[in-house]
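Chain B: place on chain A using the hints.
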Amino acid sequence: MAINTDKNSYTIIFATIMVVVVGSILAFLASALRPNIQENERFEKQQNILYAMGVNENDESSVSFIPTDKVEGEFNNYIKEQLVIEGDKVTNDDEAYLIDLKKQLAAKKKGESFKLPLFIGDKDGKKFYIIPMYGKGLWDAIWGFIALDETMTVQGVYFDHKGETPGLGANIKQRYFMDDFTGETILKGTKYAGIAVVKGNNDPLNNTKDDNEVDAMAGATITGNGVSAMIKESVNLYKGYLETIRVK
Amino acid sequence: MGLLSKKDTNLILDPLADNNPITIQVLGICSALAITAELKASIVMAVAVLFVLGLGNVVISLMRNIIPSKIRIIVQLIVVAALVIIVDQVLKAFAYELSKTLSVFVGLIITNCIIMGRFEAFALANGPWKSFLDGIGNSLGYGIILIIVGFFRELFGSGTLLGFPVLGDPIAKTGLYATGYENNGFMIIPPAALIVVGIIIWVQRSRNPALVEDN
Numbered sequence: 001m002a003i004n005t006d007k008n009s010y011t012i013i014f015a016t017i018m019v020v021v022v023g024s025i026l027a028f029l030a031s032a033l034r035p036n037i038q039e040n041e042r043f044e045k046q047q048n049i050l051y052a053m054g055v056n057e058n059d060e061s062s063v064s065f066i067p068t069d070k071v072e073g074e075f076n077n078y079i080k081e082q083l084v085i086e087g088d089k090v091t092n093d094d095e096a097y098l099i100d101l102k103k104q105l106a107a108k109k110k111g112e113s114f115k116l117p118l119f120i121g122d123k124d125g126k127k128f129y130i131i132p133m134y135g136k137g138l139w140d141a142i143w144g145f146i147a148l149d150e151t152m153t154v155q156g157v158y159f160d161h162k163g164e165t166p167g168l169g170a171n172i173k174q175r176y177f178m179d180d181f182t183g184e185t186i187l188k189g190t191k192y193a194g195i196a197v198v199k200g201n202n203d204p205l206n207n208t209k210d211d212n213e214v215d216a217m218a219g220a221t222i223t224g225n226g227v228s229a230m231i232k233e234s235v236n237l238y239k240g241y242l243e244t245i246r247v248k
Numbered sequence: 001m002g003l004l005s006k007k008d009t010n011l012i013l014d015p016l017a018d019n020n021p022i023t024i025q026v027l028g029i030c031s032a033l034a035i036t037a038e039l040k041a042s043i044v045m046a047v048a049v050l051f052v053l054g055l056g057n058v059v060i061s062l063m064r065n066i067i068p069s070k071i072r073i074i075v076q077l078i079v080v081a082a083l084v085i086i087v088d089q090v091l092k093a094f095a096y097e098l099s100k101t102l103s104v105f106v107g108l109i110i111t112n113c114i115i116m117g118r119f120e121a122f123a124l125a126n127g128p129w130k131s132f133l134d135g136i137g138n139s140l141g142y143g144i145i146l147i148i149v150g151f152f153r154e155l156f157g158s159g160t161l162l163g164f165p166v167l168g169d170p171i172a173k174t175g176l177y178a179t180g181y182e183n184n185g186f187m188i189i190p191p192a193a194l195i196v197v198g199i200i201i202w203v204q205r206s207r208n209p210a211l212v213e214d215n
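Top to bottom, those sequences are chains A and B. Each residue of the first sequence is one higher than the one before, starting from 1 at the first, in our numbering. Each residue of the second sequence is one higher than the one before, starting from 1 at the first, in our numbering.
In isolation and in its complexed conformation, chain B is listed as follows:
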């Protein structure tokens, strides 16, 4: 066996499907609604969360034995806020253009419940290496859903993907628009994300009945 044991591999793979943070754990829904109107924003957010959650989980895990349980939530909040601000400041100094694109996401990352959720549920009870894998796995699972939702919302809402018009020009009526097709304005407002996420949950549960709770 190489770098990862069977258990470690599961830490990364489980959150991608059967223990997905958005569709199963219902964490990180707020940001999934807010920023998935276009694919590019979804990808940027996914990468940013990957970085912060991976690193944050390690830091919290290293501190897990000395954090007083009474103030652990505040400590977690300080760790994630400090991490995000450090990254933001360094980018502002050395990669200003990139930092401008990311600045909108800074607040969203700090308040993202997926980060606090994983700190609380995993990093406080496990070692740094496992916590790192858990962070990577969960942020990948989060990112996949974000990208799927962003893909459909941008395609049906604006007729573009990553800003490129793929269905023709809606004003000049070329491409698909020549046949009378119209962009669905509903797709670019946040409730549409809830519906797309709902459809993903539906598909996922009908393929894997074990995920459906008994009443």
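Pulled out of the complex, with its shape left as it was, chain A reads as follows:
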């Protein structure tokens, strides 16, 4: 059987069938797997929030979350309040963690009203204020959570990324990078300066905790700058609320 594959009509028919077939396979797959994927993403968010406040199963150098089968319970256990900040209005919402920060920031950019989630955790009687963050790395989005106490000292962070270079920018989710932030202050005087990722600050062990700086990763300058910008923007977004809880 010989088909004349050079004919225009054949080409068009083939292209149409191909698009319909591949499109339906992908659409079917996406909707069939959607519930599973959404649940995984929900658990991941809970794991990340808990990680930032130090509830995790880390050993000396690993990044280990609370296992997915336990995370829901632990999340309800440790996270005492979930707030939604809308302008000056602060409300409680038990599903605040499902708010997509990316969409809210897009709404803010367009000048529409937007909601900011904030989580209050409690571990051994100590309060943690956990702020979600969202920003840009070198290739794609980066995001994370930062846990603060009443003095605006960082208690822990978690960073993640969509497509930073493995071995370089992707190292923002490594322990040696994230651990450096713990103990740093986000304040410079009374200004919300955030924490900058800088090259050559002559402090690779990060002994100075009040300089608003951590040591950068080699070969990942743009990702590091993205992290700096993300932290600064996020803490300034929450400035209004943070001022109300800050111990002066």
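For the record, the hints were derived by calculation from the structure and aren't laboratory data. You may find that some hints are simply not true.
What the hints assert, rightly or not - Once the Cα atoms are required to be at most 25 Å apart in a straight line, the calculated SDA-like pairs of lysine to any residue come out as: (1) A:K70 to A:K103; (2) A:K103 to B:S103; (3) B:K130 to B:I71; (4) A:K136 to A:K70; (5) A:K115 to A:K70; (6) A:K162 to B:I147; (7) A:K162 to B:K92; (8) A:K45 to B:I147; (9) B:K92 to A:S9.
To be verified - Beyond 10 Å from chain A on every Cβ pair, some chain B residues (computed): (10) L16; (11) V47; (12) K70; (13) T111; (14) A121; (15) T179; (16) S206; (17) A210.
To be verified - Taking CB as the label site, the calculated pair distances span: (18) B:K100 to A:I17: 32 to 42 Å; (19) A:L205 to B:N10: 26 to 36 Å; (20) B:F164 to A:N4: 51 to 61 Å; (21) B:I147 to A:I17: 38 to 48 Å.
The C-beta atom is built at its ideal place from N, Cα and C for all residues, glycine as well.
For chain B alone, kept in the frame of chain A given last:
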């Protein structure tokens, strides 16, 4: 003779050395530069390409007689993109942790020229079984170079292998670092991969003069 005839064996073995996709065919260089800063990423990428190229070659080969030649590149692109997205979605639903590690590679695989290169050069003209072997062989050849480059870049650039410190601690100055050794920061930036690949090509050609083109 068992499962593989002499010709079939060559389909797998040739790309490992004398017809290596990276060092001889010069395919897949971009991803070889991008992700070989550490050994683990190299291994993950090698396995992912093995899977996609093996399967993609079979699919393209099965369709080879009905693909209109005018739009064959687009068809190839759709096949590889669909395959990668299917795998990505299934992993996201059932092996979320693994999918997070792999998500960075998804874009790199779709645009990897080694895949389009083998579809175009081999699968469009050969049967499914041969195409499968060709896919496996070429991705192994690609993977070997990736792993060699990743090994040297991680060892000399970060002093670790698969994340484990093998040369001591560069900050506390233990192990080899106590003698004044320093990590070579150049090794972790992409141009270093080009130099390592260049050295591999040099070694390979000096061992096998038949590979050197006459001027």
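- [ ] Would you list, in rising numerical order, the hints stated earlier that this structure does not obey?
- [x] When the structure is compared with the hints, numbers 1, 4, 5, 8, 9, 12 and 19 turn out to be violated.
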